[in-house]
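Asker: Sequence:
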Amino acid sequence: MFTTLRNAFKIPELRKKLLFTLFILIIFRLGSHIPVPFMDSEAMKSFVTGGTGADLFALMDAFTGGAFSNATIFAMGITPYINASIIMNLLTVAIPALERLAKEGEEGRKKINQITRYTGIGLAFIQAAGLYVTLKNSGAVPNATWMKFFVITLSFTAGTAFIMWLGEKITEFGVGNGISLIIFAGIVSRIPAAVGSMFKQYFADGFNMVGALQLLAVAVIAVVAIAFVVMFNNAERRINVQYAKRVVGRKMYGGQSSNIPIKVAMAGVIPIIFASSIMAFPATIYRMFTGANPTGFWAAFFNVLSPSHWFYAVLYFLLIIFFTYFYTSIQFNPIEMSNNLKRNGGFIPGIRPGKPTSDFITKILNRVTLAGAVFLAIIAVLPILVSPVFGLSSGIAIGGTSLLIIEGVALETVKQIESQMLMRHYKGFLE
Numbered sequence: 008m009f010t011t012l013r014n015a016f017k018i019p020e021l022r023k024k025l026l027f028t029l030f031i032l033i034i035f036r037l038g039s040h041i042p043v044p045f046m047d048s049e050a051m052k053s054f055v056t057g058g059t060g061a062d063l064f065a066l067m068d069a070f071t072g073g074a075f076s077n078a079t080i081f082a083m084g085i086t087p088y089i090n091a092s093i094i095m096n097l098l099t100v101a102i103p104a105l106e107r108l109a110k111e112g113e114e115g116r117k118k119i120n121q122i123t124r125y126t127g128i129g130l131a132f133i134q135a136a137g138l139y140v141t142l143k144n145s146g147a148v149p150n151a152t153w154m155k156f157f158v159i160t161l162s163f164t165a166g167t168a169f170i171m172w173l174g175e176k177i178t179e180f181g182v183g184n185g186i187s188l189i190i191f192a193g194i195v196s197r198i199p200a201a202v203g204s205m206f207k208q209y210f211a212d213g214f215n216m217v218g219a220l221q222l223l224a225v226a227v228i229a230v231v232a233i234a235f236v237v238m239f240n241n242a243e244r245r246i247n248v249q250y251a252k253r254v255v256g257r258k259m260y261g262g263q264s265s266n267i268p269i270k271v272a273m274a275g276v277i278p279i280i281f282a283s284s285i286m287a288f289p290a291t292i293y294r295m296f297t298g299a300n301p302t303g304f305w306a307a308f309f310n311v312l313s314p315s316h317w318f319y320a321v322l323y324f325l326l327i328i329f330f331t332y333f334y335t336s337i338q339f340n341p342i343e344m345s346n347n348l349k350r351n352g353g354f355i356p357g358i359r360p361g362k363p364t365s366d367f368i369t370k371i372l373n374r375v376t377l378a379g380a381v382f383l384a385i386i387a388v389l390p391i392l393v394s395p396v397f398g399l400s401s402g403i404a405i406g407g408t409s410l411l412i413i414e415g416v417a418l419e420t421v422k423q424i425e426s427q428m429l430m431r432h433y434k435g436f437l438e
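Note that my numbering has the sequence shown beginning at 8, numbered continuously upward.
The set of hints was computed from the structure by calculation and includes no laboratory data. None of the values given here were measured: they were computed from a predicted structure. There could be a bad hint or two in this list.
No more than 30 Å apart at the CA atoms, straight line, and that leaves these computed lysine-lysine pairs for DSBU-like [said to hold, decoys possible]:
hint, residue 1, residue 2
1, K207, K422
2, K176, K270
3, K176, K118
4, K155, K23
5, K110, K370
6, K349, K362
7, K155, K143
8, K117, K422
9, K422, K110
10, K110, K176
11, K24, K117
12, K349, K370
13, K422, K24
14, K176, K422
15, K176, K23
16, K349, K270
17, K176, K117
18, K207, K52
19, K176, K24
20, K270, K362
21, K118, K422
22, K110, K349
23, K270, K118
24, K23, K349
25, K422, K270
26, K362, K110
27, K24, K118
28, K270, K370
Hey, can you work out the whole structure from these sequences and the hints?
Answerer: Structure below.
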C-alpha cells in the first residue's frame, strides 16, 4: 500500500488528487472542533460517556471522530446521508418507478443521487430536532428556548449538508469514495486516543510485565483480525459462464468464457450497522426521552442488552447473520442474472438456462452468504468477547464495525489509485 502511494505521488495528476483529498479531510477535521452555540460541551461529554456504550450516541461519536461528544457542528456526521442511501436502496427494490430510474444509466443514477441528497438533508433536520430534545432533557442545552432550538437544529443540519458536499467533492476531484473516506477519517482520528487510554490502563502504576503481556496479546489479536478481514474482503466465488457462438452478418460473436463473481462479504458493513442500531434502539429511546441513565427495572433490562452481557453477544451474532442474508437478497437477484445470461446467449456449463440456472446461482449464493455472515458476526463479536478478558471498556463493542470500515475503505482506495496508475501507464505507452 505504501509503495502504491509513493509511486502515485510521482505522477503529477494523481499527486494533485491525493493532495486535494487530504486538504478536504483536514477541513473535515477542523470542522469537527467548531462548537455549536448555546451548548454545554462538558454536559455533552458526560452524556455520551455516561451511557452503557451500546447506544447510538456512542456509535455516532465513534463515526464522527469525537465531534458528537464535543458538541460541534459536525456532531451528526454523515449518518443521515447513509440512512437516506439505505432507504433509497430498499425503495428501489420495492417501487417500480425507482427501479426503472435506476436502470436508465448515468442520468437515472444522477436523479436517484439527487433524491438521496434531499432525503438526507430532510432526515438530518428530523434527527437534529430529536437530538435537541434529548440534549435538552440531559442538561446539555441550558435554558432552552425556541431560538436555541432553531440555531442548534439548523447548525447540526448545515454541518451534515456541508459534510455531504465535502464527500461529493472528494469523489469528483479527489481519489476514492468521498463519503467513505470521511467516515474513515473520523474513525482513524480516534485511534491515538484509544491506544493512549490502553497504555494508561495497563501501566497506571508504572511498567509491569502483566500489562505488557496483555497489551501484546491485544496487538496480536488485532493483527490477526486485520489479516482475517483483508482475506475475506478479497474472497469471492466465481461461477463459470460460457457464451454460445452466433453469426451476425459476416461476423461471429460469442464463444468466449467468463465468470460471475460473488463476493463472500457482499453486504459489507451494512448488516453490522443494522444489528448495532437494533440492539442500541431501546437504550437510545429511553435516554432520548428521559435524558438520564436507566434505574430499577429498566437498569436490569438494559444491562442484559449491554455489551458486557452474554445475551447481547448471542443476539448480536444472530442479527448480523439475518441482516446479511436480507441485504444480500436485495443486492443480488439470481432470477434477473439468469434472464440476462439467457438474453446474451450465456449459460453455466452443465446447467440448463432459465429456472435451473437461477436455482443453481441461488444455491451458490446461499452458501457463500453463510460464510460471509459468519465472518461478519465473528469480527463484530470478537471485540465484545475480548474486552472483559483484557479489562477493556465496553465502548470497544463497536471496534468490529470500525475495523471493517477502515479495512474496506483503505483497500478500495488503494485499488482505485492502482487502476488510475495503470491507465496512465498505458496512455504513456501508447503515446
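Asker: Within 30 Å, alpha carbon to alpha carbon, are K349 and K370?
Answerer: OK: K349 and K370 at ~19 Å, within 30 Å.
Asker: Is the hinted pair K422 and K24 satisfied, with a Cα-Cα distance of at most 30 Å?
Answerer: Roughly 15 Å separates the two Cα atoms, so the pair holds.
Asker: Under the criterion that the straight-line Cα-Cα distance not exceed 30 Å, is the pair K270, K362 satisfied?
Answerer: 22 Å, holds
Asker: Between K270 and K118, is the straight-line Cα distance small enough, at 30 Å or below?
Answerer: 28 Å, holds
Asker: Can you confirm whether the C-alpha distance between K349 and K362 stays at or below 30 Å?
Answerer: Given pair K349, K362 holds - Cα atoms ~11 Å apart, limit 30 Å.
Asker: Given the hinted pair K422 and K270, is their alpha-carbon gap at most 30 Å?
Answerer: 16 Å, holds
Asker: Between K176 and K422, is the straight-line Cα distance small enough, at 30 Å or below?
Answerer: 19 Å, holds
Asker: Measure nothing beyond the straight line between the CA atoms of K117 and K422; if it is 30 Å or shorter, mark the hint as holding.
Answerer: Holds, because 24 Å separates the two Cα atoms, which is no more than 30 Å.
Asker: K110 and K349 were given as a pair; does the straight-line alpha-carbon distance stay at or below 30 Å?
Answerer: The given pair, whose Cα atoms are some 19 Å apart, holds under the 30 Å limit.
Asker: Are the Cα positions of K110 and K176 separated by 30 Å at most?
Answerer: 25 Å, holds
Asker: Does the structure keep K362 and K110 at a Cα separation of 30 Å or less?
Answerer: Judged against 30 Å, a Cα distance of about 23 Å means the pair holds.
Asker: Hey, K155 versus K143, does the alpha-carbon distance stay inside 30 Å?
Answerer: 10 Å, holds
Against the hints set out earlier in the document, violations occur for numbers 1, 4 and 24.
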